[in-house]
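Protein chains: 2
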Amino acid sequence: MNATSPARKIRPVLLSGGSGTRLWPLSREGMPKQLLPLVSDLSLLQETAMRVADRLQFSQPIVIANQAHADLVAGQLRGLPGGPADIHLVLEPMGRNTAPAIAVAALLAAADDPQAIILVLPADHLIGDLVGFRQAVEDAGRAAAAGALVTFGIVPDRPETGYGYIRRGEGFAPADGCWRVAGFVEKPDLATAEGFVAGGKHLFNSGMFVLPAARVLEELERHEPGLVPACRQAIAEGRDVAGALRLDAAAFVRAPSISIDYAVMERTADAVVVPVDIGWSDIGSWSALWELTAKDAAGNAVSGDVLLDGASGCHVVSRGATTAVIGIADAVVVVTPDAVLVARRDRVQDVKGIVARLKARSGGGDPSPI
Amino acid sequence: MNATSPARKIRPVLLSGGSGTRLWPLSREGMPKQLLPLVSDLSLLQETAMRVADRLQFSQPIVIANQAHADLVAGQLRGLPGGPADIHLVLEPMGRNTAPAIAVAALLAAADDPQAIILVLPADHLIGDLVGFRQAVEDAGRAAAAGALVTFGIVPDRPETGYGYIRRGEGFAPADGCWRVAGFVEKPDLATAEGFVAGGKHLFNSGMFVLPAARVLEELERHEPGLVPACRQAIAEGRDVAGALRLDAAAFVRAPSISIDYAVMERTADAVVVPVDIGWSDIGSWSALWELTAKDAAGNAVSGDVLLDGASGCHVVSRGATTAVIGIADAVVVVTPDAVLVARRDRVQDVKGIVARLKARSGGGDPSPI
Numbered sequence: 000m001n002a003t004s005p006a007r008k009i010r011p012v013l014l015s016g017g018s019g020t021r022l023w024p025l026s027r028e029g030m031p032k033q034l035l036p037l038v039s040d041l042s043l044l045q046e047t048a049m050r051v052a053d054r055l056q057f058s059q060p061i062v063i064a065n066q067a068h069a070d071l072v073a074g075q076l077r078g079l080p081g082g083p084a085d086i087h088l089v090l091e092p093m094g095r096n097t098a099p100a101i102a103v104a105a106l107l108a109a110a111d112d113p114q115a116i117i118l119v120l121p122a123d124h125l126i127g128d129l130v131g132f133r134q135a136v137e138d139a140g141r142a143a144a145a146g147a148l149v150t151f152g153i154v155p156d157r158p159e160t161g162y163g164y165i166r167r168g169e170g171f172a173p174a175d176g177c178w179r180v181a182g183f184v185e186k187p188d189l190a191t192a193e194g195f196v197a198g199g200k201h202l203f204n205s206g207m208f209v210l211p212a213a214r215v216l217e218e219l220e221r222h223e224p225g226l227v228p229a230c231r232q233a234i235a236e237g238r239d240v241a242g243a244l245r246l247d248a249a250a251f252v253r254a255p256s257i258s259i260d261y262a263v264m265e266r267t268a269d270a271v272v273v274p275v276d277i278g279w280s281d282i283g284s285w286s287a288l289w290e291l292t293a294k295d296a297a298g299n300a301v302s303g304d305v306l307l308d309g310a311s312g313c314h315v316v317s318r319g320a321t322t323a324v325i326g327i328a329d330a331v332v333v334v335t336p337d338a339v340l341v342a343r344r345d346r347v348q349d350v351k352g353i354v355a356r357l358k359a360r361s362g363g364g365d366p367s368p369i
Numbered sequence: 000m001n002a003t004s005p006a007r008k009i010r011p012v013l014l015s016g017g018s019g020t021r022l023w024p025l026s027r028e029g030m031p032k033q034l035l036p037l038v039s040d041l042s043l044l045q046e047t048a049m050r051v052a053d054r055l056q057f058s059q060p061i062v063i064a065n066q067a068h069a070d071l072v073a074g075q076l077r078g079l080p081g082g083p084a085d086i087h088l089v090l091e092p093m094g095r096n097t098a099p100a101i102a103v104a105a106l107l108a109a110a111d112d113p114q115a116i117i118l119v120l121p122a123d124h125l126i127g128d129l130v131g132f133r134q135a136v137e138d139a140g141r142a143a144a145a146g147a148l149v150t151f152g153i154v155p156d157r158p159e160t161g162y163g164y165i166r167r168g169e170g171f172a173p174a175d176g177c178w179r180v181a182g183f184v185e186k187p188d189l190a191t192a193e194g195f196v197a198g199g200k201h202l203f204n205s206g207m208f209v210l211p212a213a214r215v216l217e218e219l220e221r222h223e224p225g226l227v228p229a230c231r232q233a234i235a236e237g238r239d240v241a242g243a244l245r246l247d248a249a250a251f252v253r254a255p256s257i258s259i260d261y262a263v264m265e266r267t268a269d270a271v272v273v274p275v276d277i278g279w280s281d282i283g284s285w286s287a288l289w290e291l292t293a294k295d296a297a298g299n300a301v302s303g304d305v306l307l308d309g310a311s312g313c314h315v316v317s318r319g320a321t322t323a324v325i326g327i328a329d330a331v332v333v334v335t336p337d338a339v340l341v342a343r344r345d346r347v348q349d350v351k352g353i354v355a356r357l358k359a360r361s362g363g364g365d366p367s368p369i
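Going down the list, the protein sequences come from chains G and U.
According to numbering that gives the first Met the number 0, the stretch in the first sequence is residues 0 to 369, in order.
According to numbering that gives the first Met the number 0, the stretch in the second sequence is residues 0 to 369, in order.
Treat the hints with caution; some may be incorrect.
Note that identical chains are pooled: a pair holds if it fits in a single copy or bridges any two copies.
[What the hints assert, rightly or not] Listed below are the simulated EDC-like cross-link pairs for lysine to aspartate or glutamate, each with C-alpha atoms no more than 16 angstroms apart in a straight line:
(1) Lys-351 - Asp-40
(2) Lys-200 - Asp-349
(3) Lys-8 - Asp-276
(4) Lys-200 - Asp-276
(5) Lys-351 - Asp-308
(6) Lys-351 - Glu-46
(7) Lys-294 - Glu-223
(8) Lys-8 - Asp-112
(9) Lys-351 - Asp-175
(10) Lys-358 - Asp-337
(11) Lys-8 - Asp-239
(12) Lys-358 - Asp-304
(13) Lys-200 - Asp-156
(14) Lys-186 - Asp-112
Derived by calculation from the structure, the hints in this document are not laboratory data.
Because the structure is a prediction, the values reported are computed rather than measured.
When you get a sec, could you build the whole thing from the sequences and use the hints?
Next up, the structure:
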């Protein structure tokens, strides 16, 4: 069994660069999902930082965020009750997807320790089972110490068509609970997804990784030759501002905007997956958040100054105005000072179309709540 | 026929004292329905004043409003494009229902002209057919000149259970188009209402009247002895403030709070009804307003900064925040800076329950959007 500690502490890397619109109008360009307190009094970024706060298992975290959110992110990390005051904050001048961000983190980690193993965590995911999570990280760390590039695969509880899947192959001998990756599958149709759930060999692609820093840089050098040099220069010519490293924009923009999945995981021969069932959610939509939230007997989840009369299956969030919902079923109602959303719960994915329309019209000079 | 003008101009009396909650959150205690521009750029009060602006048929109107709305009402009447600058504004210190308000108007009108005939109009009704309205007023004026207390009965187009009805009796010989009132009927159940529509003898009780001022005072003296003296004293001890007559509160509060229907119309032997089909609505709910509003091909009526995606049969009104509605059918969405309503269109009557709950909790000192 894996009850003993791994030989080396793992270096957490929190990716907080995202600026999703799927929880609009609560999430905004200036206030992305990971900075919102959605499931507790802490933001998802703070929850993620607390998840790796134990310095027996984890070393100093690196947080990579967009420069536009510098003050918010720094404030949230500083304000962490009992949390790590030792976070290394790195600011991207612009989003370039996950591969450049992970390359920057791997370069910084390898500079501190050439044998460093990094744990890459999107800062906007929820993990309910902390013990299971830490056990899985330990398993993955053992595989990474043996040279593997490890991804976490979520054991599917439903035939989800909104995620990519990982097919597991043979067991990975050097570490318990680890399997070689047999292949990556793009978002499937419903029948295919149902087959995946029944078959037991497919896992949701979670976007969480455990990677030997030197190995991932090596793979990036091979598959995306310009990427690591651009990141190395962005660090070298970056500036320390108030304790945060601001990457150099002219250098960083030369790194291709590509995901770590495309750049490395789908190309390497050494991909390994750790299947996990740890109460994971990427809170990818209002309906996902509704699922996670405590509800009354009629299935309503409410937050803020809300009055219900005959509502059922509704998620009502008000940040400001008194909000009354009468006789409505299965809807999401989100009220903010400058934007309101009323959507059928099974149509919430179309929020992105609304945001796109607002973006399109904001060119005209009108202020737009995006 | 009635093509000739009546011998005497009719004195309009606009009742603007109401403070309904059925269009909450757009209508408020401080901003009642009649002061809102609901169906045009003009408020319902302004529309009503414009309806009686022709000084060939109507003399100087009297507007009776609540003192709490004094500035708003005066501003709206002053701002009337091309409208009457000669309105006599009377301010009630508190609402006492329609009988005291009409008594005050009748006393003022009779002081100017002992033979005065008044046309009582709630300021929050809509009338689509102005020509038909003016013809009906002319008919009613002829009956009033013969001593009748005339009410307008709306020819029912649906088995409405939310209104009282008037049963017409024999024709009233002195005036074309006028009938003696055979009885008043409280709000009926649906089967009864369907019988009323089929039978052709029942009319909605509209709350609009044409009354000889001296006659209505005489009837009030008989049936509610304390009412007219209290109103007379409220006028005598009232003060002129900025061109408006502020009734004396200590006197006016002694007038019983009672409707003109109960106090006079249901008791007098001289009630006459003029059936009309003049595009009347009291805009008594959000669904009634939806019926009156121009709609797109999917049945949506929108006002303000609204984005729709797959909505149908919705009434969406935003006064402020950008409002997105996705995949919702047959709902009313009303957005104001401090209150939001989302209701199924066939449940909008339950808005009053929400307002009652807000009122109940406002006792605790919290500001409430009512």
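Return the numbers of the hints above that this structure violates; sort them in rising order. 1, 2, 3, 6, 7, 9, 11, 14
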